[in-house]
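Residue numbers (the working numbering), protein chains in the order written: chain A, 1 to 479; chain B, 480 to 576; chain C, 577 to 1056.
Derived from the structure by calculation, the hints contain no laboratory data.
Note that CB positions come from ideal geometry on N, CA and C, so glycine has one too.
There could be a bad hint or two in this list.
[Unchecked claim] Derived SDA-like pairs (lysine to any residue); straight-line CA-CA distance at most 20 Å:
1) C:Lys980 x B:Leu513
2) A:Lys83 x C:Gly935
3) A:Lys212 x A:Ser241
[Said to hold, decoys possible] Which chain B residues face chain A? A few, computed with CB under 10 Å, are given here:
4) Ala493
5) Glu560
6) Ala564
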Amino acid sequence: MAAETEYEPVIGLEIHVQLKTRTKMFCGCELSFGDPPNTHTCPRCLGLPGTLPVINAQAVHYGIMIGLALGSQIAARSQFHRKNYFYPDLPKGYQISQYDVPLCSGGRLGEVRIHRVHLEEDAAKLVHAGSSGRIHGAERSAVDFNRGGTPLAEIVTEPDLRSAEAAREWLTLLRTTLRAIGVSDVNMEEGSLRCDANVSLRPVGSSELGTKTELKNMNSFRFLAQGIRAEVERQTELLRSGRPVQQETLHFDPASGSLTPLRSKEEAHDYRYFPEPDLVPLEATAEMIDAARAQLPELPSARAERFAGALGLPAERARELAFRPELGDFFEVALAADAGAEPAALANWMQTLVERLGDGADPASSLVTPQAFASLVAMVSEKAISRDAGREVIELLVAEGGDPGTIVEREGLGAISADDDSLSAVVAAALAADPAAAEQVRSGNMKAMGPLVGYVMRETKGRADGGEINRLIREQLGL
Amino acid sequence: MLERHQVDHVARLARLELSDVEADRMATELSKILDHIEAIRSLDLAGVQPTSHVVDLVNALRADAPHGSLTPEQALAAAPEPTAAGFGVPSPGQGAE
Amino acid sequence: MSSDLLQLSAAQAAAAIRAGEIDATELFAFYRARAAADQLNAFTWVAEAAATAAPAGAPLAGVPVAVKDLFCTEGVPSQSGSRILEGYRPPYTATVVRRLAAAGAPLLGKTNQDEFAMGSSNENSAYGPVLNPWDRTRVPGGSSGGSAAAVAAGLAPWALGTDTGGSIRQPAAFSGIVGLKPTYGACSRYGMIAFASSLDQAGPLTRDVTDAALLLRHMVGRDANDSTSLELPEEIRLPRRGELHGVRLGVPEELTGSAGGIDSGVRASFEAALAQAQALGASIETCTLPHAPHALSAYYIIAPAEASANLARFDGVRYGLRVAGDTDLDTMYSRTRAQGFGAEVKRRIMLGTYALSSGYYDAYYGTAQRVRTRISEDFRTAFSAVDFIVTPTAPTTAFELGAKSHDPLAMYLNDFCTVPMSLAGIPAISIPCGLSDGLPVGLQLAGPAFSENALLDVAYAIEQALGFDGRPALSAGGAA
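Required output: the full structure, derived from the provided sequences and hints.
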C-alpha cells in the first residue's frame, strides 16, 4: 500500500495595523479608543455630502517607516483608489485605499518576503443592538464612527510560512518591529493589529500552489495559531479523502475554535476600483524618505543578531532581549554601566529580573536602576555574594530599590569566603551531622554531596559559594 | 447591447431596486447610449497614458493636527434612526438575500 | 428707484453702495422680494435677511448672491435637486460660499438645479422644472438652470453655479447671460455636493463679463480642504480690453462642422460674433481638435463612473431619505435609493457602475481616460497656433419643456461643444452673442489653463462690441 501523501501548508498573512497618528487618515478628528460613540466625528469622516479627504502627512511618514523597516521599495509615485461596496460601517460607500501602485513594494522580514504595504482608512464600528420590537422584529445594529477613518497600513506577505507556529512567531517579530519603530500600538486585543491568513496545502516537494482559503477574525496570537492549525487539518482531511478545497473566506470562532464559511454569495466582490479623483498622487521624495529613515531605531532583528554575534549571547536569549525593546534597552544600559560586565551573565540575570518584575513589565519603570542591576551581577561574578544571595538582592531591589552593596551589608548576605574559618567549621558540622552521607561520598558516590551542601547552605543562609563548599567537603574527607 | 440580466446585476451592485418595467427600459436606454459610446473603443490609443487628474499637483498633505469634532447630537442630527449607540440600521445579514 | 436698482449690474451696485448712493440692506430687501415672488421656480429657498452684514469696506459691499442648491450652506436646505436630500441642512458651509460671504456677498437664496447636476434642461429636478424668462414654455438649460434664470430675470444680481460638462455655460447661453467655468482646481470644491469629482468646478453666472470677473476674483484660491485646489498665478482682474489686435481665435472644425448639429440661427449669430471680433482686430483661424468628437463618449463614461461612487453615500444611514427601514439592510438600501433618486440619476449610476464593473473597466473607463489624455493634447497643440478656441456654446437655443426629456442621448448631445473643455480642465466662458427667433445664443471662448484674465479681456471686448441687450428677460421678469 502506498504511503499517504504528505502535505505541506503554504501560508501568507495580511496584516492591518492602525497607525499611531494623532488624527484620522483623511480628517482632523482625534483617534480614540473606548470613548462614547460618535464623539470623534466630523463632516468628513461621516461622509457628509460635499466633503473631501485630505491625506495625513504623518500617516504617510509612518507608512514609509514601515516600508524601510521591512526593506521595501518606496514608490516614487503612488495613488489612492476608491474601493466600492455598501456596508453601514463605510460612510462614503467606498473605502479610500491603494490599489495598483502601493506606497511600498517587496521587502523581507526574517524568513518571510513582503509583497506590499499600502495605506488606507479603517471602517467604523458596527455594534449589534438587539431586537427592535418593531413590526418585523428586525434585528438592529448601530454604527459608531469614532474608529472610522483611522489610518491603516495593510501589510501583505508572500506565502512563505509553513506552519501555524511559524506564522505566530513571525507575527510576533512583525509586532516587535512595528512597536520598536513606534508607528502603532500593535495590540491585537484592542484591534490595532489584525491578521488574516491565506492557507493552502500542497504535496511536500511540489512547487505548485493549491486552492487557498482566507481566514478571518483571529484576534489574538493564540487564535491565529489555532485557526491555521484547524484549517490545515480540515484541508488535509479533504485532500486525503479526494475532495477539493473550495476557495472561500472562513470566519474563526474563538469560542468553539471552529471555522465557518462566510456567505459565498459574493457578487459584492466586484469592488470597481478606480483612481480617487479627490486626491492627487503621492510622491515620496528623497526628503520624506530620509526623514523616515532618520527616525528608524535599530530594528529588533538586527539587534538580536548583534546580541548573538558581537556579544556572544545564545540566540534564544538574544531574541528575548531584542524582541522586547524595553528589555534590550535596559540590558544595554546595564552593560555600559560596568566596563568589565560579562554580557552572558548579565543576560541570564535579566531573566531573573523579568520574572521578579512580572510579565510584560518594563524594568525602566521599576525601582531597579540598570546601574544597580549591573553592580549586583558583578558582585555575583566576583563571588562577593552567592547566586542565591543574588536572587534575594534582586527581590529587595524590586521591592525597595537602592544600592545592592548597601543591601548586602545590611542583610548580611556577603559571601563567606573559603579562607574564612567559619565556613570550614560549618562544613565540619555538616559531615558530623550526616555521617552516612559523608561515608558514601568518601566511597565515591558523589550524589550524596547534595544533603551535605544543602546543610551548609541552610546554615550560612545561602551566603557560601557552592564550589567552595564542594572543595571543603572533599578536603575534609581527604579526597 | 446590454442584456436584462446584466442590468439586474448592475442594479444589485448599485443597490437600486428596479421594477420589471424600469429594468427593461433601462436595458433599452443604456444600450442606446452604449452604442454611441462604443465608438471610442475603436480608437488607436496604444501607449497613451490614462488621465485621472488634469491638475499637475502632488502631495497635498495636511499636518497631523486635530480639529474639533461634532457632538454626538450634531453627528446624529440628520440620522433617520438615531440611537444612543449610534446610527441605527437593520443588522447586516438579516432577512431575505 | 426699484427699477433703477434692477438696471444696475452687480459691480455697479457694489460701487453705488460704496459711494453711499444706495444702501446694502435696501438692495438685499429688493432682491429678496423679487426672489420670493419668483415665478420661474428658480429658487428652492430664499433667505429672510442677510445672514451677516457685509464687513465695512468689503469688496462686494453686500451685493447678495444666489447659490446653486448643491453648495452646502450651514443650517440651510442643501438638497442638490434631489428627493433623497429633501430638507437636509448641512452642519457646514462650502468654501466658495464662505469666501463670498467674507468678501461681502451674503446668501440670497438657493437655486433650483438638475438633480445632482445631471442634466442640461433643469427638468431633472425633484423640485420641478425651471422656466426660461425669455419664453416660459422653454427650459433655461441646466444643470445650473435656477441660477441662470434667476440672474437673467433679475431675481438675483448674480449667482453661483457649477459646471461638470457645460452646466454653467449652457444655461448661461440659453438664458442670455454670462457663465464662466474656471480652470479645474481654481475654486475649491469643498462643500459642493459632488457629481463627478475630476470635472466639477464652481463658477459665476452673471449679467455681464465684468460681474463674472468680480465674482470669480473672490471665489478662487487654494483651499486646504480640497487637495485638488490651487492658487492661480495671478489675481483675477476686471476686464478692460477694447480691441483684439493680434488675438488669434481658432474655430475647431470638429465642433462647428456638421457633426455638432448646430442649427442655422445659432450659426448665424456665431458667425456675426466672429465678424465683430474680426472688426476688433482679431484674426479668425480654423483649427483642429481631432479627438473632440469623442469627448462626449469619454465624458459619459468618466462622469457617470465617478458619480456612481460619489452617490453611494446616499444610503439611508446617516442623513437624508430612508425607505423600508424595518426590512433587511439590502432592501433598505435598494428601496431608499430607488425612491430617492430620479430617473436620470439612476441611469447614470447604472451606466457608471457598469463601466467600472469587473471585466469592463479597461474597455470603458480605461479607454475614456486615454481619450481624455488625447483631448488635452489636442488643446495644447491647438493653443500653440491660436490664443483661444471659439464655438457656439450649444448647438441650439433653449428648447421647449419636455422636448428631449424622453431621449437621454439627444439631451446629452447638447453638451457636444462644452464637454471637451471640461475633460481638459481648461477655462471657458459663454457670453450672449445675439438672438435667434427671439432666443439668446451663446458664444463660447476657451483658453489654456490659467488664462482666465486674458479670456475675460477678450470676452469683454466682444461683449462691448456686440452690445447684447438682456433687458427683455429682465423686464419680463420672473417676479410676480
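Hints, verified against the model:
no.	hint	in the structure
1	C:Lys980 x B:Leu513	holds, 18 Å
2	A:Lys83 x C:Gly935	holds, 16 Å
3	A:Lys212 x A:Ser241	holds, 18 Å
4	Ala493	holds, 9 Å
5	Glu560	holds, 8 Å
6	Ala564	holds, 4 Å
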